[in-house]
Amino acid sequence: MNTIGSDVRERIDEHLDAIDRILAAQGTSRAERRNVTDDVETQILDMLAARVTGSPALADIDAVLAELDAPEAFGDAHNTNNQSHAKQSTVLPKSDWHRNGTLSVALALAAIVLLALGLAIGAGSLVCGCGAFAIAAIVCGLFAIGTFRGKLGTALGAVLALVCVLMYS
Amino acid sequence: MRTWLAQLRKGVVELAVLAALRDGEAYGYELLQQLGAIDALEVSESSIYPILARLTRDGLVKVRAAASPSGPPRRYYRLTPSGRSRLREMQAHFDDLERGMSRLLKRGSP
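Line by line, the protein sequences give chains G and X. Every position in the first sequence, counted from 1, becomes a number in this note's numbering once 905 is added. Every position in the second sequence, counted from 1, becomes a number in this note's numbering once 1069 is added.
Some clues are possibly wrong.
Quick list of simulated restraints, FRET-style, between CB atoms [claimed, not checked]: (1) G/A962 to X/R1176: 20 to 28 angstroms; (2) G/G910 to X/A1109: 49 to 57 angstroms; (3) G/E977 to X/G1128: 27 to 35 angstroms; (4) X/L1084 to G/D922: 47 to 55 angstroms; (5) X/R1157 to G/A1011: 18 to 26 angstroms; (6) X/Q1103 to G/L1071: 50 to 58 angstroms; (7) X/Q1103 to G/V1018: 46 to 54 angstroms; (8) X/R1157 to G/S960: 42 to 50 angstroms; (9) G/S911 to X/M1159: 26 to 34 angstroms; (10) X/R1153 to G/E915: 36 to 44 angstroms; (11) X/A1088 to G/L1071: 43 to 51 angstroms.
In short, the hints are calculated from the structure, not lab data. Don't be surprised by glycine CBs; every beta carbon is placed ideally from N, CA and C.
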């Protein structure tokens, strides 16, 4: 495809600007808007290149744009996807409860064992072993919190981490 | 379009995008054409590109720009390790759902 004329370029920019405005109204970040409009622009130019070998005319770009979704469709699609994303990040699916609960309990038990080892070693040599075991216990406790965000996991992990921090300090 | 059908499709498009990138990188329009071949999905640029932008934001895919014969650089997407992990997780859920629904629907079929 040869160089694009200013009138065709203007038509493309109008379409991309309309998409950008729709996405901006939905609260989409500038970086994401740029990503989306860059992909749309590439698609438009690919479709034009497949359609004409010389310089595209206004009729060509109009035909290409007619095949595309209206800019308003981006608002609807983005909004729905963001909503589902927000739900996904805050609510743990029930099917994950068993697996994450088991992992959380295992991590919490590991934290308890490490805590006991830290205390035992700390009684004999206060400086060397105690700190390393305490740090490991804190890590396990925090992983337990992160793995299972239910009340029991949070409470157990938080208490273990707090105890370990106090012991280490 | 019927609401339930639109919701059903939207739920699986993200999985379809990740699955399409499993074996290598692809640019947006290429992905659109690939997924467009699955009639039941009925994807379009307004559904695919915002998902790609979100997956990029979430670190599940990475973008590489490369020269294009038709104009500006093409943006090639590929899965990150987190993206592969998400794909495995989603596929496991999808397989569970498919098995369960198949059993349920067959039980009720004439």
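Hints and how they fare:
1. G/A962 to X/R1176: 20 to 28 angstroms: 59 angstroms Cβ-Cβ, so the 20 to 28 angstroms window is violated.
2. G/G910 to X/A1109: 49 to 57 angstroms: Given range 49 to 57 angstroms: violated, Cβ gap about 40 angstroms.
3. G/E977 to X/G1128: 27 to 35 angstroms: Distance hint for G/E977, X/G1128 holds at roughly 29 angstroms.
4. X/L1084 to G/D922: 47 to 55 angstroms: Given about 32 angstroms between the Cβ atoms, the range is violated.
5. X/R1157 to G/A1011: 18 to 26 angstroms: 21 angstroms Cβ-Cβ, so the 18 to 26 angstroms window holds.
6. X/Q1103 to G/L1071: 50 to 58 angstroms: 56 angstroms, holds
7. X/Q1103 to G/V1018: 46 to 54 angstroms: This hint holds: roughly 50 angstroms between Cβ atoms.
8. X/R1157 to G/S960: 42 to 50 angstroms: For X/R1157 and G/S960 the Cβ distance comes to about 48 angstroms; the hint holds.
9. G/S911 to X/M1159: 26 to 34 angstroms: Between G/S911 and X/M1159, where Cβ atoms are some 45 angstroms apart, the hint is violated.
10. X/R1153 to G/E915: 36 to 44 angstroms: With a Cβ separation near 42 angstroms, X/R1153 and G/E915 satisfy 36 to 44 angstroms, so the hint holds.
11. X/A1088 to G/L1071: 43 to 51 angstroms: For G/L1071 against X/A1088, whose Cβ atoms are near 48 angstroms apart, the range 43 to 51 angstroms holds.
When held up to the earlier numbered hints, the structure conflicts with 1, 2, 4 and 9 and fits the remainder.
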